[in-house]
Amino acid sequence: MKSRVRNKARHLFLFFLVFVMGSCIWPPSSVEAKIYIDVSSPGIRQLPVSIISKGHVDAKKIEWVIKGDLETTGMFEFVDPDVPGAEIIAILEVDMSDGLKVLLSIRDLIENKEVLKKRFDASKAIIRTMAHSISNDIYKVATGKKGIFRTKISYMVKAAKNRKELRLMDWDGYRSRKLVSRGLTTTSNWSGDGRFLLYSSERNRNWNIYQLNRENGRESILFKSKGLNLIGGSSRDGLISFSSSKDGSSEIYTINIYGKKLKKLTKSFGIDVSPVFSPEGDKIAFVSDRGGTPQIYTIDSDGRHPKRITYEGSYNTQPSWSPESDWIAYAGRKNGKMQIFMVKSDGLGLRQLTESSNNESPSFSPDGLFIAFDSDRDGNRGIYIMKVSGEGQRRITPKHLKAIAPSWSPYLKK
Amino acid sequence: MKKILIILLVVLVAGCAKKYTKSTEEVTDSPRGSWEVVKEEGEAPDTAYAKEEGISERELSIAEMAKSVLTDVLFDYDKYDIRPESRPALDAAASFMNENMNLNIVIEGHCDDRGTNEYNLALGEKRAKSTKNYLVSLGVAASRIKKKTYGEEKPTCTMNSESCWQSNRRAHFVVVGKRN
Chain G
1 MKSRVRNKAR HLFLFFLVFV MGSCIWPPSS VEAKIYIDVS SPGIRQLPVS IISKGHVDAK
61 KIEWVIKGDL ETTGMFEFVD PDVPGAEIIA ILEVDMSDGL KVLLSIRDLI ENKEVLKKRF
121 DASKAIIRTM AHSISNDIYK VATGKKGIFR TKISYMVKAA KNRKELRLMD WDGYRSRKLV
181 SRGLTTTSNW SGDGRFLLYS SERNRNWNIY QLNRENGRES ILFKSKGLNL IGGSSRDGLI
241 SFSSSKDGSS EIYTINIYGK KLKKLTKSFG IDVSPVFSPE GDKIAFVSDR GGTPQIYTID
301 SDGRHPKRIT YEGSYNTQPS WSPESDWIAY AGRKNGKMQI FMVKSDGLGL RQLTESSNNE
361 SPSFSPDGLF IAFDSDRDGN RGIYIMKVSG EGQRRITPKH LKAIAPSWSP YLKK
Chain V
1 MKKILIILLV VLVAGCAKKY TKSTEEVTDS PRGSWEVVKE EGEAPDTAYA KEEGISEREL
61 SIAEMAKSVL TDVLFDYDKY DIRPESRPAL DAAASFMNEN MNLNIVIEGH CDDRGTNEYN
121 LALGEKRAKS TKNYLVSLGV AASRIKKKTY GEEKPTCTMN SESCWQSNRR AHFVVVGKRN
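Protein chains in written order, with the working numbering: chain G, 1 to 414; chain V, 1 to 180.
It is worth saying that the hints were derived from the structure and are not from the lab.
Some hints could be false.
[Unchecked claim] Heads up, simulated DSS-like pairs for lysine-lysine below, C-alpha to C-alpha not over 27 Å straight-line:
| no. | chain 1 | residue 1 | chain 2 | residue 2 |
| --- | --- | --- | --- | --- |
| 1 | G | K263 | V | K129 |
| 2 | V | K148 | G | K402 |
| 3 | G | K267 | V | K146 |
| 4 | G | K334 | V | K79 |
| 5 | G | K246 | V | K148 |
| 6 | V | K148 | G | K158 |
So here's chain G without its partners, still in its complex pose (with noise of 0.2 Å):
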C-alpha cells in the first residue's frame, strides 16, 4: 500500500521535474531576451540611452569610464535622464562604505519593465574594472552580443637603446604596465584562452619563443633552436603557430600549449612568416615570399593547399584573421607607404581602412567588430582602433610613447 502511494509521489515529481525542465528549454515568450541593435546589419541606428549614477561621489567616475566605452562602439547616443527620448536607461547605485558595491539596474523605457537587475561585488575600489564589467551588461542587453571592454592590448614599446618592452593595457590604452623589458621582443600574442602571452624575444643572440603566465607572472621558454624564430597566432584549442629557420629558412609550424606535437607545414626556400589561426582552427594565414615578393597566403592547418590570397601591390605582410568570420586584416604597401586592409580568405572583397601616413600590425578584437594598429600619422607611432568599417580611427597610446605591434586579447576571465 505504501509502496503505490510513494511510487506516485515519485512520478508526479518526476513529471514536475520535466515539466518545469521542459519550459526552461522552451522558455515562455515574455522571458525571452529582447534584441535592441543588431550589431551584424550595416547601417546599424543608434540606441538611445540613458545612465543615472548615483550614491558615491565616484560613481560619476563609473558613468564616464562607462559612457567611453559605449560612445567607441558607435551604437549608443546618450540622452540627458531628464529628457525624454531614450528607450533603455541604466541606473547605478555605488555604495564604497565598504569595498565597492554597485547595484545596476536596467529598464526598458518602452515597454517599461526592468530588463536587468545585478549586483556587483568588490572587496576593493577597482573602478575602471567595475565600470568596464557594467559597461559589457549594458552591451548584452542592448545587443545580445559579449562586451569587449575588460579586454587587453599587449604591445611594444621602444625603449631607449633598441630595446623593445612588452606591455600592456585596457582596451581602451589605461593601466599601462611593463611586462617584460629584458632583450629585444618583437611582436606578441595571446594563447587561444588568454591565460598566456605569447612573443619572440632575443636574448643572448638568440631568437627564442617565450610564454608568459599571467596569473603567476613566471615566464618560460615555449620553443627554442637556432635561427630565428618568431610567434604567430594561436587557435581557440590550444594550438600555437610560429615561424622558425631552424632549418636553414624560415618555415611556419605549429607546437602545442605544453611546446610539444611540432609540426611542420610549409617547405619553400622563401620566406614564409606571421602565420594566424583562423577562428575554426582549420586554416592558417601567414606571409610568402616564394612568388618573388611577400604576399598573403592560406594554407589549411595540416599543410595542405597553399594558396595566395593577396594580387594588389607588391608587398603584403602581417595578416590577422577576424575571431568571427572570414575577414583578413593586413598591411601592405601603396605609394610607399603602408596601409591596412581586409580581404575575405578567398581572396575577394578587397577593402582599404587607412588612406595616410603608415598603418601597420592590424590586430582584430575577440567580436571582430574591431581593429588595433599602430599608426605615425601623429608624429611617434602609436597604437590606433577603429571599428571595421575604418571609421572612428582614434589613438589610445600617449603622444609621447613610442608604442607599436598591438595584440588584443580574446575574451579574458579576469
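Chain V: place on chain G using the hints.
Just chain V now, kept in the frame of chain G:
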C-alpha cells in the same frame, strides 16, 4: 537508476531556475603586481662583445684591423642577393679570414625601416645567409661564421632618405675570438 535520473533532473532544474532570480557578480581585477619578468640588460658594443668571448690583447688588435677589411655589405631594396659590385670586398674579406684562422665572425643582417617587422627580421636573416654562403664558397669554414638577424631593429641612422635607407640595408660583420 531512477534515483540517478531524479538527481539529474533536479540538477538541471536548479540550473534553469537561476535564470529567474536576481544575480550577483563578484568583480575582481586581473593579478596586478609589480612583477616584471627580468631586469634590463645593457647592450654590448662590438669590442665588449669580443672581450666577452675571451680574446687576448694581441687578437684584439687584429680584430680592430679586421674592421677596416670586413666592411658592411649593402643590398638592394627587398633583396638579399649579393650584388656584383660587392664581390671584390667580400673576396678580400675571405682572404683575410683565411689568413687569420684564429678569428671567428658573426654576420648580422639588417634592413631599412620601411616594411614590417617580422618580414624584415626574416629578410635580415637571408642577407646574413647569402653573405655567409659567399664566404664559405671561397673556402672559409662555415663553423667560423655565425648568422644573426636584427631586421629593422638596429638602424645606423634614422633619416627618411635613400642614403640612410641604403646604409641600413646591410650585412654587418662582428669579430669574435676562436671559440668552438
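Taken at face value, is the distance from the CA of K146/V to the CA of K267/G at most 27 Å? Holds: K267/G and K146/V sit about 23 Å apart, inside 27 Å.
With the threshold set at 27 Å, check whether the alpha-carbon distance from K246/G to K148/V stays at or below it. Satisfied, since the Cα-Cα distance of roughly 12 Å is no more than 27 Å.
Within a Cα-Cα threshold of 27 Å, do K148/V and K402/G meet the stated pairing? Within the cut-off at roughly 25 Å; holds.
Does K148/V pair with K158/G here, judged by a C-alpha cut-off of 27 Å? Satisfied, since the Cα-Cα distance of roughly 21 Å is no more than 27 Å.
Is K263/G within 27 Å of K129/V, Cα to Cα? holds, 24 Å
Within a Cα-Cα threshold of 27 Å, do K334/G and K79/V meet the stated pairing? Within the cut-off at roughly 18 Å; holds.
Going through the hint list in order, the structure satisfies each hint without exception.
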